[in-house]
Amino acid sequence: MEQVIIDTANHIAGHAARAARVKVVAAYPITPQTTIVEKIADFVESGEMDAEYIRVESEHSAMVACIGAAATGVRTFTATSAHGLALMHETLHWASGSRLPIVMAVVNRAMGAPWSIWPDLADSLSQRDTGWIQFYCADSQEVFDTIIQAYKLCEDEKVFLPAMVCLEGFILSHTYSPAKIPDQEKIDAYLPPYRCGWALDVDHPYSHANLVSPEWYMEFRYMIQEAMNNAKQIIPQIDKEYGKLFGLQHGGLIEKYKCEDAELILLTMGTIGSEAKLTVDKMRREGQKVGSARIRVYRPFPAEEIVKLAENSQMLATIDRHISFGMEGFLASETKAALFNRADRPPLAGFIAGLGGRDVTAETIEKIAKKSLKYATDGKVENDPIWVDLKE
Amino acid sequence: MIKEPKKRKDLPLTPLSCPTVGSMGKTGSWRTFRPEVDYSKCTKCTLCWIDCPDAAITRREDDSPEIDYDYCKGCGICANECPTKAIRMKREED
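So the protein lines, in turn, are chains A and W.
Position 85 (the first sequence) corresponds to 85 in this note's numbering; numbering is contiguous.
Position 94 (the second sequence) corresponds to 94 in this note's numbering; numbering is contiguous.
Don't read these hints as lab results, they were simulated from the structure.
Just so you know, even glycine gets a beta-carbon here, dropped at the ideal spot from N, CA and C.
Treat the hints loosely; a few may be bogus.
[Stated by the list, open to error] Derived, one-sided and incomplete: chain W residues facing chain A with beta-carbon distance under 7 angstroms:
#	residue
1	Arg8
2	Pro15
3	Ser17
4	Pro19
5	Ile77
[Unchecked claim] Think about it this way: if two alpha-carbon atoms lie no more than 25 angstroms apart in a straight line, the pair counts; the simulated SDA-like pairs of lysine to any residue are:
#	chain 1	residue 1	chain 2	residue 2
6	W	Lys26	A	Glu311
7	W	Lys9	A	Ile224
8	A	Lys152	W	Pro15
9	A	Lys256	A	Arg285
10	W	Lys6	A	Lys256
[Said to hold, decoys possible] Label-pair ranges, simulated between beta-carbon atoms:
#	chain 1	residue 1	chain 2	residue 2	range
11	W	Glu66	A	Ala189	52 to 62 angstroms
12	W	Val21	A	Gln249	25 to 35 angstroms
13	A	Gln233	W	Lys9	17 to 27 angstroms
14	W	Glu66	A	Trp115	55 to 65 angstroms
15	A	Trp115	W	Arg91	54 to 64 angstroms
16	A	Glu45	W	Arg91	32 to 42 angstroms
17	A	Gly112	W	Thr58	49 to 59 angstroms
18	W	Arg60	A	Gly68	30 to 40 angstroms
19	W	Glu66	A	Glu215	54 to 64 angstroms
20	A	Leu211	W	Glu66	27 to 37 angstroms
21	W	Val21	A	Trp115	48 to 58 angstroms
22	W	Val21	A	Glu90	53 to 63 angstroms
Take these sequences, add in the hints, and give me the full structure.
Structure follows, in structure tokens:
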């Protein structure tokens, strides 16, 4: 029976793993992720979830356990944050190169040093090039829905890639909010058991991801790129289909809010995208045509949709909860890259905000928007990233 | 049986390979030191059989070991692990 629960986004992520009928969970605790795998441990202990729960000695081992389990053709799940994700780095490549549809919740946390347990996107964005699909969520309902949708996507034979479902630590992870948990029978019908085309089988032994000579290595890379492009086509369809069945949609690749006639579009990721809607509403009441585009899927990067958005706007502003030291935020870089070959592209200002969990409120975003509108009027944009609320 | 690919569309999504005997040829030729079993000292504990990383030791009916010199690379793990020193490593003669 469909029910609405009030719980933390982490617990709701645990509910999603249960509802997806995950068969193997490999778990290693790290703040702010821990309560996801704790919730799953409760489910396994109480019998509400029929899964092998493997307690491992590190995140590196957690991913390797998921790889081994997924290679036998079962649905797997794990979750991590920050330094745990960094420790997994090597194995992330093994998961995608082996084309295993592992789904992992990443509870975003800033990287040390200096130590921080609060959120920014440095941890998951550092894993950009590992061949994992990356979703960024704006609320706990989206966390639940995206985990279910991620299995649907990753287990599609046109994709067969792993995915990270990212949610910001504390802002979402430990914050209570309502979420709708759809009827289990409907979820089962939507998400049938995983069928792997090349499961390990003792009766027909072979091994995966072996040594490949220069003669063929590039072709295997190209096939991952093809799968990413396929994912770009399939994600909006999945979002639509899920919406029809469960009444919940999150925008496909990009959640667009009042962008149609917007002179300024604010491009964001994660929870800043929710907050930006408040700014848009306020500024629109004051007569300024502002819109918000929350990049929900960062890999594959929705370059074509960004081009379309840019066609009708005079100014773009990216808000990155991230900095690639020595350059700018990834969202700024990649939005610019998507538009580079368009002669009619609008100017773009790149803002850095909210690192290490600093609040990015609707007021902060309004300052960003006003500064961007001034750049547009003056016809002059700073090329360097603009650090928001930086102390002198 | 997996076939050698000719075109990209023939490839599996990830490389797969089936185990075969000696796909790298007779690796015994890599050997510098040759393990030799003194069966009078062997207690048939099977440790050498368990520990051989190349599965180049087979178990006879009576549990005594038999080394397959076609594939033994001469790593010496069996000699090191043998509790009764029944396996000796001898330099191969040219």
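Each hint tested on the structure:
Of the supplied interface hints, the one on Arg8(W) holds, with its beta-carbon coming within about 5 angstroms of a beta-carbon of chain A, less than 7 angstroms. Proximity of Pro15(W) to chain A holds as hinted, the smallest CB-CB distance being about 5 angstroms (cut-off 7 angstroms). Among the interface hints, the one on Ser17(W) holds; its C-beta lies about 5 angstroms from the nearest C-beta in chain A, closer than the 7 angstroms criterion. Taking 7 angstroms as the C-beta cut-off, the interface hint given for Pro19(W) holds, the closest approach to chain A being about 5 angstroms.
Here the hint on Ile77(W) is broken, as its CB sits about 22 angstroms from the closest CB of chain A, past 7 angstroms. Taken as a hint, the Lys26(W) and Glu311(A) pair is broken in the structure, with Cα atoms around 65 angstroms apart against an allowance of 25 angstroms. Annotation: proposed proximity of Lys9(W) to Ile224(A) holds, straight-line Cα distance about 13 angstroms (limit 25 angstroms). Between Lys152(A) and Pro15(W) the CA atoms are separated by roughly 24 angstroms; this keeps the pair inside 25 angstroms, and the hint holds.
With a C-alpha separation of about 18 angstroms, the suggested pair Lys256(A) and Arg285(A) falls inside the 25 angstroms cut-off, and the hint holds. Proximity of Lys6(W) to Lys256(A) is assessed by CA-CA distance (about 45 angstroms); at most 25 angstroms being required, the pair is judged violated. A C-beta distance of roughly 57 angstroms is found between Glu66(W) and Ala189(A), which places it inside the suggested range of 52 to 62 angstroms. Range check, Val21(W) to Gln249(A): about 55 angstroms between beta-carbon atoms, so the 25 to 35 angstroms window is missed.
Distance hint check: the CB atoms of Gln233(A) and Lys9(W) are about 19 angstroms apart, consistent with the given range 17 to 27 angstroms. In this structure the hint that Glu66(W) and Trp115(A) lie 55 to 65 angstroms apart at CB holds, the actual value being about 58 angstroms. Under the hint 54 to 64 angstroms, the C-beta atoms of Trp115(A) and Arg91(W), about 56 angstroms apart, fit the expected range. At about 59 angstroms, the beta-carbon gap between Glu45(A) and Arg91(W) misses the expected band of 32 to 42 angstroms.
For the pair Gly112(A) and Thr58(W), the supplied restraint of 49 to 59 angstroms holds, since their beta-carbon distance comes to about 53 angstroms. For Arg60(W) paired with Gly68(A), a C-beta distance near 34 angstroms keeps the hint of 30 to 40 angstroms intact. For the pair Glu66(W) and Glu215(A), the supplied restraint of 54 to 64 angstroms is violated, since their beta-carbon distance comes to about 39 angstroms. As the Cβ distance of Leu211(A) to Glu66(W) is approximately 30 angstroms, the hint placing it in 27 to 37 angstroms holds.
At roughly 54 angstroms, the beta carbons of Val21(W) and Trp115(A) sit within the given window of 48 to 58 angstroms. Distance hint check: the CB atoms of Val21(W) and Glu90(A) are about 31 angstroms apart, inconsistent with the given range 53 to 63 angstroms.
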